[in-house]
Amino acid sequence: MGSITLQGVRKVFGDVEVIPGADLQIENGEFVVFVGPSGCGKSTLLRLIAGLEDVTSGRVLIDGRDVTQAPPARRGLAMVFQSYALYPHMTVRKNISFPLRMAGMDAAEQARRVDHAAGILNLTPYLDRRPGQLSGGQRQRVAIGRAIVREPSAFLFDEPLSNLDAALRVNMRVEISELHNKLKTTMVYVTHDQVEAMTMADKIVVLRAGRVEQVGSPLDLYRSPANRFVAGFIGSPNMNFIEGEAAARMGAHAIGVRPEHWNLSTTDGAFAGRVGVAEHLGSDTFLHVDLDGGTHVIARAAGEIPVDHGDRIWLTPQDGRIYRFGADGLAA
Amino acid sequence: MARKVSTTRKAVMTALAWGIAIVIFFPILWTILTSFKTEADAIASPPRFLDFDWTLQSYAEVQSRSNYFSHFLNSVIIALGSTAVGLLVAIPAAWSMAFQPARRTRDVLMWMLSTKMMPAVGVLIPIYILFQRFGLLDSRVGVLVVLMLINLPIIVWMLYTYFREIPAEILEAARMDGARLWDEIRHVLAPMAVPGIASTALLNVILAWNEAFWTLNLTTANAAPLTTFIAGYSSPEGLFYAKLSAASTMAIAPILILGWFSQKQLVRGLTFGAVK
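Those protein sequences? They're chains W and H, same order as listed.
Under our numbering, the first sequence has 311 at position 311, and the numbering climbs by one with no breaks.
Under our numbering, the second sequence has 260 at position 260, and the numbering climbs by one with no breaks.
Everything labelled a hint here was simulated from the structure, so no lab data went into it.
From a predicted model like this one, the values you see are computed outputs, not experimental measurements.
Each residue gets a CB set at the ideal place from its N, CA and C atoms; glycine is no exception.
Each hint can be trusted.
Simulated coverage check for chain H against chain W, where a stretch passes if three residues somewhere in it have a Cβ under 8 Å from a Cβ of chain W:
| hint | segment |
| --- | --- |
| 1 | 170-181 |
| 2 | 185-192 |
Over 12 Å on every C-beta distance to chain H, these chain W residues come out as not near it, computed from the model:
| hint | residue |
| --- | --- |
| 3 | Ala166 |
| 4 | Leu219 |
| 5 | Ser236 |
Can you build the whole structure from these sequences, using the hints too?
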């Protein structure tokens, strides 16, 4: 079991209110991602769940049990840190078995669990090495191994992939998703990378300045963002916003169109502009377009299209793919 | 890119460095040489550098007059004991200051250091009276406690700078893994800080070994370490340079040898945190 409930959780550091009051329900077995720009309080929220920070007010419940005052060790959670936080003086085997030793488990059971975890994570050949002798990806696996041997009720991940290079990050992302499918244990994952959030999450929690902006499945957030912030944060490249007269004509303060939702034409369309930079990736083409009137937008077209710097182009939003926002930023 | 240094400049600097080193080392060398002289040679004028009758006579006299080994043992007990007790007190203190700093932690650290700026003689009378009342005069326990206390600020400061270099996330990981405070210190912090703790211990042993003010004032015979033993040779009956030198050489030899073999640790310990 591993459901986590936050009730009016508030955190103040000195004079700074980092989390003004968060309510959140995480169901057993869910993969929940906290996402937001740096400084939005997502790591703090995770640390409050872990018990590494004390909540200023509010309650944290795990499986319905109030753990607000419980120390980290008593919460039955395991955490994977950004820096891996391995014990450098211990071998991989000792690192992974550390939580079991702390729990006073007998040696045979320890060995069985470590071998099992090492098998899952392809670490068996490295059990007698020290963290310093491992690559970044292997260290990350050791950190995950140390978390899974405890069979925790939930896993907490604090930006676990941000120290890895791009190629490895994609691999580890898939590995963590596979691990979740295999273990079916609740996972709470913090990242600033919305691609990680979109690809891994069952449920995304978008945070800004300590406030929960929206909670929903990746496609919910993609299809119906609650406000301009969420709309701009989810999706890559970011949603284009057009304000002024064109927006007013559609009855909104601002309209948003995702780069992949433009129809392109070289003859006519809703918005005319000139191509600035054209990025030809083969699979996709990204066009940076300066619209007449000064707004800069990005358009994404599938495949190779014969458009280049300086070309004249017309963009038309696809039917039903226009997002309207009021002056307050909320979706209209 | 490295700076270009001319050969002449290099030679001058090297000569200068050697010159300064020899000036600093000369008194120790002279002491060692004098210890092998007869009393007559020791006060000969002009002084004789190497062309004297080498003899172990002074060493034999010193050993027969006062029991070197009992003083040596006292020095060892006091230096190691005060270091061990000091570490027991300082490790948790430095831990809390490095990893759970409060609003006034910096002030506490500065205050601790400021106690080192106070002249020791200022508190001699109260401490002496306390020792008298508690029957601690000329006891190893008493000296051990005083030396532990006077070196405590240095131990705490050194450990504090070491601990600050250890990522807090590793200790948090240990907490998540179910380690209680003591497990965290014993299984994670202490092993990671071994180099730092070792150089701190080493420096403290040297400081305690060489400490003379308190040992001279608080011990006479039973608990007297080597400092008191040396002082015994600058006696009212006149100075006997050869015997005094022999006693000094015997007193500093152990710590000099220890220092020689642990140079690397010491240098690392003293400059740690200065450069990253």
